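Visitor: Given chain S's structure and the hints, the job is docking chains E and P onto it.
Taken in order, these protein sequences are the chains called S, E and P.
With my numbering applied, the first sequence corresponds to residues 560 to 1187, in that order.
With my numbering applied, the second sequence corresponds to residues 410 to 795, in that order.
With my numbering applied, the third sequence corresponds to residues 111 to 317, in that order.
To be clear, the hints were calculated from the coordinates, so they are not data collected in a lab.
Among the hints, a few may not be true.
Sample of chain E residues with no beta-carbon within 10 Å of chain S, all distances over it, derived [said to hold, decoys possible]:
hint, residue
1, Lys429
2, Met479
3, Pro551
4, Glu583
5, Val603
6, Lys635
7, Ile651
8, Pro671
9, Arg702
10, Gln725
11, Ala728
Quick partial rundown of chain E residues pointing at chain S, CB under 7 Å, derived from the structure [claimed, not checked]:
hint, residue
12, Cys443
13, Pro444
14, Lys452
15, Cys459
16, Leu461
17, Arg465
18, Phe792
As the structure is a prediction and not an experimental result, all values here were calculated from the model.
Note that CB positions come from ideal geometry on N, CA and C, so glycine has one too.
Listed below are the residues making up each chain.
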Amino acid sequence: MGNDAIARGALEAGVNVVTGYPGTPSSEIVEQLAKVAEESNLYVEWSVNEKVALEVAAAGSYARLKSMCVMKQVGVNVAADSLLHIAEYGTRGGLVLVSCEDPGALSSTNEGDSRPYAKMMEFPLLEPGDFQEAKDMAKWAFELSEDIRNIVMLRSVTRLSHASGNVIMGELPKDRPKAAFEFSSIPMDQMKGPILAFPTLVDPLRRRQLEKLSKAEKIFEGSPFNKYTGPAKPELLIITSSVCKLYVQEALDILGLWERVGLLKLGTTWPLPSKLLEQHLGICEKIFIVEEGTPFLEDNIKALAAEKAKQVGIKTFFGRKDGTLPPVNELNPDLLIKGINFILGESYQFVSDEYKAKALEIIAAGAPVRELTFCPGCPHRASFWLINSALKLDNRAGFLCGDIGCYSLGAGPCGFSTIKILQAMGSGMGMASGFGKLDKFGMTQPIMAVCGDSTFFHAVIPALVNAVHNRSDMILVVLDNSGTAMTGFQPHPGSPSGAIGTRLPVLDIEKLCNSLNVRVEMGDPFDLKGTRETMLDLLEDGGNPRVLILKQPCALSPIKKGQKMYEMAIDANLCLADLCGCNKLCTRVFKCPGLIWDTQKEKVRIDEVLCTGCGVCADICPAKAIKA
Amino acid sequence: MDKNDKSSKGQQGININVLKQGLCTGCSACVNLCPSMEYYKDKTILLHDCNLDKGRCFTYCPRAPTDFEMLRRELFDPEDMVLELGSFKGLYMTRATNENIRTGAQHGGTVTALIQLALAQGIIDEAVLADNNDLLLPSAQPIADEDEVLEKARSKFVVSPTVSAFNRISRAGEGKIGVVATPCQAQALTKMKVNPVLEDKLRMEKLKLVIGLFCGWALDWRKFQKLMKEKAGDFKIKGMDIPPSNHACMEVYTIKGTIKVPIEEISNCVRDDCSYCFDMTCEFADISVGSARSKEGWDVDKGWNQLIVRTSKGAQLLALAREKGVLEFKKVPDNNIEKLKKASARKKHACLMNLAQKTGNWDDLIYIDSGDPVVRHIRGMNFGQQ
Amino acid sequence: MGKKLSCDPYNLIIAGVGGQGNVLASRVVGDMMIHQGYKVTIGETFGASQRGGSVMSHLRISARGGFSPQMPKGKAHMVVALEPMEAIRVLATYGNPKVKALCNTRPIQSVGVICGDQIYPEKKHIIQWIESLCANAGFFDTTKQALDLGDSIFGNIMALGALAATGDLPMPLNIFKTVISKKVVPAKIATNLKAFGIGMELIKDKK
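Here chain S stands alone, though its shape is the one from the complex (with noise of 0.2 Å):
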């Protein structure tokens, strides 16, 4: 996979500290690496956000160790600040940051592009364009941030990341560096001097910062990752980074024009090599850049253009700007043939009109979408119906600030629609706290907001200081299932043990919510009747923040996977189905797939492959049909 392969290509560089923080399609990196910390003398730490996840890497990096720091495009965002700091200052053993982006928002809640902050924090930015690059360019990565001696940013997406493909591996080295922190110089020794940044240190700090920007460049003109393929004189010029070259590659060779159009894949883009690039912008007139994310490399090859227009002469730019690609998600070979076509006035037909008008008719019937849900036996399903109905029946207009893991989820249908906001990692925390002081503007809602245990760590704890103290009138349920599951159930400071398994101390939610003095609250999810009065108790009281922390194990933990609770069955006799006084309440309201409506029998029936036992179901079912 690619992430393996960038893992590969880490270890083959002599990598010593990995961190980062889990987040889809980047999590497998870390995991990958974890596994073999103890034989590749690695030190692997999943961080409670990507800020701190950098900082440690960057540590490792000022300590003379090779240092990789991984995350998805949004932790990027959490880590400018500190990304900043260390791009001014430089680094001394190789420092790479890697982030694999979700063009598509295949597992996002955005198509964030964070390629930009390369070239507004002015550092390297490599994008592989297969498999083999992966590997390549990861290992070469901290080659090139020793020599320049600055941090290097490897960007991947979701189609490499997350595909697989043939790759050749190295050698492993084999020398065990020391860590060691020197500071006994003067600031402006990089190596060996304290690393501060006064302001008047700033303008050598920065003059210094670009001359190993332009030093990149240099590399850069001659890199085998920039590679040209087709005729001298093309009729088109497409320029392409990252995982596109395949499908760049796959669209020519089905449509057969590998004779009229050239190809440029560059590996390094930024800074652009621009010799490299003034000497193929003069091959042809028509342009077309091809990407994945946001017109990066449209606008910086446009500036360049712009820039060497007397050299290379007047262009025609086709990409995702004027329409021949479209504007946002992701890039596939289909979309390459129909804007190459678009280009050169050609057509192609993937399959004929017959063919596809049946596809069209039956697809309506034969495959409705298939809606993200809750696993059966999923905590959060308990939870929000507990939260929901506690809101109606509060009957003040009550809302839920969500955030980012499995439980965003209860935004949609099978979270009952209860979250009412959805945006970064601990924003449902931060806003509750801003809703909770409106009642000075006659706001009488009740605010509530919801995070994940690994959320708490990562971005709520500082939102929540803020509830405390500015004393906001809201409540913080915390839905704990024991691991951060959206991504793979990767561990956190609320687990016994970390990436590499070694035990550490667990870090008690409850115990840090009590150390706040505020009314803190513990309950179960599964146990309808009780957390429900608590809720209700909780809507009652104001003033100040309360926290009610729900806990109990993901479904797809491993304490609890293949494990039923209890063995669940239907009486039919007792089921009410469709008729008043239930109207099928568990499929058609609760809709656990693990319940399923016999369309023949017309009664409910368990699904015995779905269903995981959790039992919550037969609490539910007000005829008493459903026996645990």
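Guide: Chains E and P alone, transformed into the frame defined by chain S:
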């Protein structure tokens, strides 16, 4: 089915035609029939969406279109019918013989005494009564022990979810059940008894006795609670009463003494839906009980009740009460029936006016049939300047 | 290298619902091909889609390599579906008149179906539809036999057995054994082999 379907006879019917019209009285008949409706803190809550076209909630709701004339025919003897008062077998003035009851209960303690008698004699096994622990927001409890009845005494001016409690307990067990009900609650119970749906037939057969309460209006908990907080602070409220209108106040009895609240301030707390109520004397009960009025004045009257007997069951119970000596009787002043008729007719007229104003059409009285004989009679009466 | 592929690249899609073992199945096929000297690119979609959403893996099997992890529309040669509705979904985009399909017929109801907003089509319609979109389609239900082996998820290995039996891709049992031994704990190897064997018999008389 479209969520905004006005023609729904299910939950959406309740939502659009009752709740959103401001008609819901909080009788709670729609609660505890299924998991989708709840009654919490004095509000009817649509907890889950139900998309059934037809549901018992709407069928039993006393503010859904109701054929009151049909209900009267089913329950009562046509010869007993008095247009302004409902079925009328007789008017009495009573009080509980036992002084303890009179002290612990409201006015004459008649309801308490009758319920105790019914339990003691096995006429009922359980009584559903409004609870006492929070007079401002009463819950409803089933009581099987006659000694516990007095603990539930005293008038509450906020609706208690009595019918939902009845719905809950009538599903289990074999026993006979009695209910102390407000007029809207009694109407709902009658609709349930006359047209039970599905298995409700069996559980409605357990309903053996309805003692009704005269009712002019009920208070909205949120507004009333706020007012009481201002007036009584944190002092525990032991009871409340509204003396006759010339006193122009509500008396609130706290452990620190009696507070008199001006009647205008109480009026501001009245539930909006009460202005659409047609029934002051609780016409759909076996016996209906209210406070007494006589020339002897409030200081005496406040220790007595007036009661109307409506059914033979009610007559039997009253006779038994007389025989066993649990109730004392005194002579009913001659013009009390007329006074009661006038007061009841005034309320009916006000109700019809409010409904007609709402629809803009005297022939569209929302839940009441404009062809109902009582309606026609009231419309024909002269109320002078209102 | 094994025998020459019927087409190069050979485009295989393995589709199903999150949690059915789609990812493992595609990796097994991929590794089996690599063992025989082919170059393979696999494109997968997982993460949030695991929570009951549609999942598909695209496998590009080739002697020369360098193909996109997502195949172009209408280019599938074979679709192995662990769930029938997913077969339709995949065929509608990537199918063509020459495509072949192998389909497990046990439905997994989507949330929309469970709560009554959508209707799960009848089995006979689904089979008809799939057949109308393929040159050749084989159907089976692995549920009972998989549950007998201990877990419904063995259906994914059984589907691979069925794929092997078509002969369209070289998937000899000994190579399967080598590959699976690296992916599951030793205690589970025998069961997986059994599942593969059961799969090979699934469409024997139908194809």
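Visitor: Which hints, by number, does the structure contradict?
Guide: Hint 18 alone not satisfied by this model.
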